[in-house]
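J.: For the protein sequence lines, the chains are A and B, in the order given. The numbering of the first sequence is our numbering, which starts it at 1 and goes up by one. The numbering of the second sequence is our numbering, which starts it at 1 and goes up by one.
I should point out that these hints are in silico values taken from the structure, not numbers from a laboratory. We treat Cβ as the ideally placed atom computed from N, Cα and C, and that holds for glycine. Hints are all accurate, no fakes.
Selected chain A positions facing chain B (in silico; Cβ < 7 Å):
1) Ile40
2) Ile49
3) Gly53
4) Ala56
5) Ala60
6) Gly64
7) Leu67
8) Val68
9) Val71
10) Gly72
11) Pro74
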Amino acid sequence: MAKNSTALKLEDLASATPAKRAAFGGGPPPPPPVRPIAPIGSNAWLAMIMFLGAEAMFFAGLMGAFLVFRVGSPVWPPPFQPRLPATVTGVNTLILLLSAVTMRLAFLANRRGERKRLVKLLSWTAMLGAVFLLIQGFEWVRLLHFGLTVSSSVYGGLFYTLIGFHGAHVLGALAWLIAVWSKARQGKYMGRNAVGLQTCSMYWIFVVALWPVLYGLVYLY
Amino acid sequence: MPGKFYSIPITAAALLTQAAQVWACAVCLGDASDSAIDGYNASVLFLMSTPYLVVGSVVAGLIFTYRRARKRHEETDAEMIGQLEWNQEESSR
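Excised from the complex, chain B in its bound form (with noise of 0.2 Å):
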């Protein structure tokens, strides 16, 4: 494969000789003061809480859920306790 036989050495020489162009940032638009990076900071920081944001907010209910859905199971085992002490032909059986 010639292709592939070339292709090394030819990053290798842009690598050497035009290093500032080969290791270019995408998202570099400008120097520091450049409001386009604030921008930019701006979108990283809140898309990097999101899924912090979503996926706790997904245990958060799971656990709510559960502990209501405990509490009510509890709840009807002692209703149903409280029937059985109140049955009177039960108990003079």
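Isolated chain A, as found in the complex (with noise of 0.2 Å):
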């Protein structure tokens, strides 16, 4: 070999860098190829989580206060105030929970790549939903004829800040899941690239799975 040759000497490999090892031709094998892991979720996934967080601290600052009064006062509803109409609601209870387990089956048609069922099984959704509101706002009119307003007492404040927030909540879930209905009617989520439709998934599911706490709460206790 000659004296000024560039080529690497045997004794340079044991302080050499392993880049130059391997160049070299010596060095460990290369470790077999690991397929990446995929994350669990899209940013999207753990915004919504972290947003519901928040939503649920919120309702549950609301029936913090409904339960000083409640658990406070002796009589319960206070003399001179109207009952609600807890079976009724109970009905729309029933019509709003079902609602969820058409969403979730929504969901899960959109994962298998059936368009006409998730497109079918939203509108239902949201007809359930809708049904809902309806329901609600006609028990409100009546409740409203029978003199129990935000005004008349504590108990008519806290039902309809309570039962007000978790309806406007509806109401918006509801705009958006017309929305995501719209967009899947054109094929905009296919297969697992649906972002938008499992936010508007995991809110309708919150927004249903909060009411059967309030109904329990508000009617019934």
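Reconstruct the complex from the two isolated chains, following the hints.
T.: Right under this line is the structure:
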């Protein structure tokens, strides 16, 4: 070997970096190729989880205020205040719970690539949500006629605040659902590429899951 | 700042002479048998437990989703190996 050869010498290998060792032809064998692990959810999915946590805390604050007056009152409802329509609202609760089932089925249908079934189930979900809101609105009008208003008593104020905020959430979720339904009709959600559908489904199931808690607290307790 | 200067002795005098009013609790509504106290206690207990419930649900959901994704990943790997074993053309080479 010539004195000024540029070839690597064996004694240089000990101090050489792994890259140089590999270039020389030595070093450990390369690791087997590893398939990259996909993230378990999208950023929007994670953001929705955080948002729903905040929403849960918001409703917990309202429920805490309700508990102060409900547990602290020896007589509930207060005298000369109408009773809440527990039976009709119980049926309405079943309607809303059914909408969560159709929403979940719609999500699963999209995973299987069944577009027609997705659109059909989304329209069923929206219809059930609209029926829930209509019945709630009808009952509210009746309660207003019976004299239960926001300013009639703490009872009325708490009822309209708690149930009203939930109703506003269902209304917002319904508007979102109609937008998702419209996009689903155009075939925008294909297989797993359905972040909009997924987050809307999460929000819908949240407002549905919240309702039995509110129903039990305000109407039955 | 004369206002700041006088505020310290005024506060000290109030603490010494009107202690009951100064230290009055903002949510003390009556005696221990008052039902309003029960309402506050129930609400405080509920609101204390809610953050644990919410954060616990979020963490449990994330762990469940992570485990499910990991299981699916392993199943997909196993399927890929199975396909390689089945490839007759490759094995006869």
